[in-house]
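Participant: Residue numbers (our numbering), protein chains in the order written: chain A, 555 to 899; chain B, 555 to 899; chain C, 555 to 899; chain D, 555 to 899.
Certain hints may be false.
Heads up, simulated DMTMM-like pairs for lysine to aspartate or glutamate below, C-alpha to C-alpha not over 25 Å straight-line [unchecked claim]:
1) B:K742 with D:E592
2) D:K742 with B:D853
3) C:K742 with C:D722
4) A:K742 with C:E679
5) A:K742 with D:D832
6) C:K742 with B:D832
7) C:K557 with C:D660
Derived coverage of chain D by chain B (criterion: at least 3 residues anywhere in the stretch with Cβ under 8 Å from a Cβ of chain B; other residues may be distant) [to be verified]:
8) 735-746
9) 750-756
Simulated restraints, written as ranges between beta carbons of each label pair [stated by the list, open to error]:
10) C:S761 with A:G758: 23 to 29 Å
11) A:R589 with B:G738: 29 to 35 Å
12) C:S761 with D:S740: 45 to 51 Å
13) D:S740 with A:D722: 39 to 45 Å
14) A:Q805 with D:S740: 23 to 29 Å
15) D:E814 with C:M555: 32 to 38 Å
16) D:E621 with C:R817: 42 to 48 Å
17) D:R817 with A:P640: 37 to 43 Å
18) B:L594 with A:N887: 53 to 59 Å
19) B:S634 with C:Q818: 44 to 50 Å
20) B:P674 with C:Q857: 30 to 36 Å
Please keep in mind that the hints were generated in silico from the structure rather than gathered at the bench. All residues carry an ideal CB built from backbone N, CA and C; glycine is no exception.
There are 4 protein chains.
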Amino acid sequence: MVKIAVVGASGYTGVELLRLLVGHPEVDICCVTSRQHEGLPINRVFPSLSGFCELVCEPLDVGRIAERADLVFTALPHQSAMEVIPDFLAAGCKVIDLSADYRLKDQAVYEHWYQEHSSPELLAEAVYGLPELFREQIAGARLIANPGCYPTSIALGLAPLLKNKLIDPASLIIDSKSGTSGAGRSAKQGSLFCEVNEAFKAYGVASHRHTPEIEQTLSTLAAVPVQVNFTPHLLPVNRGILSTIYASQNQVLETAELIEVYRQFYSGETFVRVMPGDQLPDVAWVRGTNFCDLGIVSDGRTQRVIVVSAIDNLVKGAAGQALQNMNLICGFNEQLGLGIVPLFP
Amino acid sequence: MVKIAVVGASGYTGVELLRLLVGHPEVDICCVTSRQHEGLPINRVFPSLSGFCELVCEPLDVGRIAERADLVFTALPHQSAMEVIPDFLAAGCKVIDLSADYRLKDQAVYEHWYQEHSSPELLAEAVYGLPELFREQIAGARLIANPGCYPTSIALGLAPLLKNKLIDPASLIIDSKSGTSGAGRSAKQGSLFCEVNEAFKAYGVASHRHTPEIEQTLSTLAAVPVQVNFTPHLLPVNRGILSTIYASQNQVLETAELIEVYRQFYSGETFVRVMPGDQLPDVAWVRGTNFCDLGIVSDGRTQRVIVVSAIDNLVKGAAGQALQNMNLICGFNEQLGLGIVPLFP
Amino acid sequence: MVKIAVVGASGYTGVELLRLLVGHPEVDICCVTSRQHEGLPINRVFPSLSGFCELVCEPLDVGRIAERADLVFTALPHQSAMEVIPDFLAAGCKVIDLSADYRLKDQAVYEHWYQEHSSPELLAEAVYGLPELFREQIAGARLIANPGCYPTSIALGLAPLLKNKLIDPASLIIDSKSGTSGAGRSAKQGSLFCEVNEAFKAYGVASHRHTPEIEQTLSTLAAVPVQVNFTPHLLPVNRGILSTIYASQNQVLETAELIEVYRQFYSGETFVRVMPGDQLPDVAWVRGTNFCDLGIVSDGRTQRVIVVSAIDNLVKGAAGQALQNMNLICGFNEQLGLGIVPLFP
Amino acid sequence: MVKIAVVGASGYTGVELLRLLVGHPEVDICCVTSRQHEGLPINRVFPSLSGFCELVCEPLDVGRIAERADLVFTALPHQSAMEVIPDFLAAGCKVIDLSADYRLKDQAVYEHWYQEHSSPELLAEAVYGLPELFREQIAGARLIANPGCYPTSIALGLAPLLKNKLIDPASLIIDSKSGTSGAGRSAKQGSLFCEVNEAFKAYGVASHRHTPEIEQTLSTLAAVPVQVNFTPHLLPVNRGILSTIYASQNQVLETAELIEVYRQFYSGETFVRVMPGDQLPDVAWVRGTNFCDLGIVSDGRTQRVIVVSAIDNLVKGAAGQALQNMNLICGFNEQLGLGIVPLFP
């Protein structure tokens, strides 16, 4: 049994971590923190948890948490995360950080897109926790930078093409659409029901902060520097990211050949499902689960390939992937606690 | 291991049965049927099931199914169900029927609201499968009439008041709202996205077929004949039923006293969660689970009590309750395979 | 041309007033105020208004507004409204107030449900602006208390029954469901997309502030004091209120007879549509319009009548009714600017 | 007054035509047809129309319609449209066809993507009714091919760039998302609420029938043959299309410069709103109206331009544009009956 603390438990990522952790047979949740709900049982904050978790929300006291926890999930906003993570590490905890603070390897890039970094010395040590692509580095890590939701959907969608040098990396265009839980549970006018429902828009065009994270991973996969156009959109659903990705093929393959490339690349990967040629992913088919569903279409007319990638932004895009990383770090079966069937409809 | 067949697997109730059954440790699904999708693997019908169930949809051949299955879930429309259930029973299968065909004890009442009954001799034998109220009769049953979704939410909401004779049964008014999956997966104009989304209406006012089923159970609980006003509404959500129930109190109790009555009545019941006095149920808090959440408010001004009852219509209102009945029949732990945490948001 | 100011233009009621006012041929909008967006053109706050209204949001300066405006719509929260309305009246403006501040005739009742009233001397003068029921008083009024959204749907639904003494007022149970725009545009966690979408709950059970307003009007109509059970619910749609109302009939009439009572009562009323016996209202059929659609069903079994009333909460429940009142006050055709066809789907 | 028939009135395009036509001051609707609802008043099919249109649905009898109508809107599926349009023309009616049957100039292209064409001799005469781009040809036309919804959003989004030769036409990638009303009102499983709600998927990837129509118009604008990648997605909203369009700039301009190009190109066009640089379109801002809102962003890093185009698919993408064409044909003010303010929220 591993002793777990969830720091920042009252957001959507926090409650999703708890949903998954209470069903994990090797986990003992010893502590949840929430500044906003300090003193309140977490099942009063989220009645969904009634009967599963009665812990009372604590303030974020690193020392008192580190006394009890082996591993800490930090589900805090960027900047808040790096204010406490060095102390957790110093106190002997392992940390899986769901913020963006340790995802970018280059301090200057981080500081260009976010703000000054207060613990840049940890950037080299932090392991980017995308198991299907970087599994071997994760098991021994002390600090996991859990990938962003958009970047996860995109990296898994493009890895087989880039690793096999089947496309021109300079041609990449990524059009992503995310459910509204990605915007978090804090009260913002732009996240109100009446602003999102029956609405649809692009945002952060040519300027979204996930761009450098996406480019960092794609550059690693392509072994050359990659720049992309990445356009996120806000989707009137609770959960789900669908990324539609366009690239020019170096040599035009048939759809069936491309699907075979993906099947081989992801052979043995439980959480990646390559769809048959006549079906394409839908965020509805992965709801509540750690799956990434991939569809691939070759367009002979334009010599491009179109990849469609679907995940649940709160699971494979956040809490589920964090559990997968925890399983690797703790030496558990990687699928433990994640064998969830999608909820449809 | 119990060998299970799911007859009528391609509707929403069918896929929900499969979602739950593939995660049940004592179940071996040996057969799924679908007239519409005969010959197609069920994971092509529902890509959500990819990686969990690869069975090919079969035609409904009672003999061939009965050779393999110990227990059959019939997820067919009413009338179609009673056309095959006597044969399954004759062939030695136990049957949990999710249609309305064996719920009403009085053949005349059934025939008034539906049509002629082709096996009325089974009505007396069939057990109404609402475990929290009729558990002792279920274990030995050969044929379970799995309760309707609306009736489940209402019977659980009213049982403590009626059994304790705290309300006037003649005063009952029940205003229910159901998610659209209750209308099934067949293509009907009234179930189209554009007809339901941004819309809300009552239907079947003073004439809905669940009325006699509701009254039958409430009459049993009250030990006097009960007639109610029951008004269903169509809610633009996928899942969930919320019933708001009004009754005149025989003697006005405080909200806290009424909550205590409910707590005692449902003491030991895992799947009923009586909410604290300052919180009321929301269908969002039970999504994907077998819970029935209950909220109770006493109104001293009007001397009435208002009960709010929330379930997931596809789980406690259909497939989950069916599994709970299966667990009882098979002698498994009643919660086996049903320990699901609600998916929020 | 009447010169109009909209005070509090940046909420949902404000933008709805502007949507209707820019299409009104006898209106000159001279001023819009918004504390939050002072200095910003209103079409930047609401790009929907681009091409229709370029006014810059002003601070709320009664003197400067009264110099220019003949009639002021106050779309402010309660309490904020009564802080400025006496000054507008003193400066010679007519006021149509969309808050609750002048709706209740009895100061003590107001102060029980809200807070201390700072201008109780105006309560007797204020006219409750529900034209179909109180038209004759509206034309000459200086201060209109524009009715609440729930109370409008309920009063119109019950007036024919109460005025004709066809029901027992003590038996009234009102189950209402409102779209989320009723909660306003301020950023609150409970109004976030992920909290409302795929969710449904009751709120304010036996304690909602619209209760005294509802009872005041129903008591006037019944000519006896009336107490009701009123339960509002939060509906995952942008717009629309549906109220389902239950009452015991004094003498049981057929559905067709009751419909005829309604047809006669609302004969000549453009904005009330009594539906035929085989159709019931849906909030989708009144979207964007000033209609109140009514359906009536008699239940001979229980001797009750069920009335279903549908309005758009932002139009007949707020801005549209306010325009209707303006038309009466200014001597315009009562339908002017309100001849809008519902937007379906 | 022009005498109008709406052929195929019971679909979403049909009811939208009626919504707009009943508010048009120069129109007399003389006839509506519906095979499915023959004999039923159209306000029983669509209660939204109660009080606006009481016409009874007729069968599609060309002769009887042509006796009464000057101009016919055909809102039929492709193939059904071309079965009657030659007869309407022969009988002296003008026709605005909302199907795809006369949009493609090249018979072979039509027959490749659809089926055999039964009146290819009319293809040359039919005028593609996109007024902002082809206004001068429309006024004198006898047969208007009303553009598709996707093609309208795309052509308006790209015309300024292509006409000014600012982009490389070979680089075009178009990622479009459409509300569900685009799928029509016929009962199909894929359009059910539970299949679309909380779901999102691409469809028709590299194979959608709007592709040749898009390419035909873009080729005309670019004055060279253009091939594109066009990917439609199904959006869980009733109305609205958002197209996100990517192209390589021939010479990189600033966002402000590009916006100025659009402002000049669409100077004087009421129905195209070029958004300021810090705001981007949202389908919510055009709901119910004939507007096309355009946002433009230059990405210096990748030397691409991203254009975002939003329309209401039922208005500018269908019925509204059809009215605009009618106004031009009949010599009315082009904006007549279309001065609608968007419904927000």
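Participant: If a hint holds in the structure, say so; if it does not, say that too.
Facilitator: Results of checking the hints against the structure:
| no. | hint | in the structure |
| --- | --- | --- |
| 1 | B:K742 with D:E592 | holds (19 Å) |
| 2 | D:K742 with B:D853 | violated (46 Å) |
| 3 | C:K742 with C:D722 | violated (40 Å) |
| 4 | A:K742 with C:E679 | violated (40 Å) |
| 5 | A:K742 with D:D832 | holds (19 Å) |
| 6 | C:K742 with B:D832 | holds (19 Å) |
| 7 | C:K557 with C:D660 | violated (32 Å) |
| 8 | 735-746 | holds (count 8) |
| 9 | 750-756 | holds (count 3) |
| 10 | C:S761 with A:G758: 23 to 29 Å | violated (42 Å) |
| 11 | A:R589 with B:G738: 29 to 35 Å | violated (46 Å) |
| 12 | C:S761 with D:S740: 45 to 51 Å | holds (46 Å) |
| 13 | D:S740 with A:D722: 39 to 45 Å | holds (42 Å) |
| 14 | A:Q805 with D:S740: 23 to 29 Å | violated (42 Å) |
| 15 | D:E814 with C:M555: 32 to 38 Å | holds (36 Å) |
| 16 | D:E621 with C:R817: 42 to 48 Å | violated (36 Å) |
| 17 | D:R817 with A:P640: 37 to 43 Å | violated (51 Å) |
| 18 | B:L594 with A:N887: 53 to 59 Å | violated (32 Å) |
| 19 | B:S634 with C:Q818: 44 to 50 Å | holds (47 Å) |
| 20 | B:P674 with C:Q857: 30 to 36 Å | holds (32 Å) |
Hints 2, 3, 4, 7, 10, 11, 14, 16, 17 and 18, counting from the list given before, are not met by this structure.
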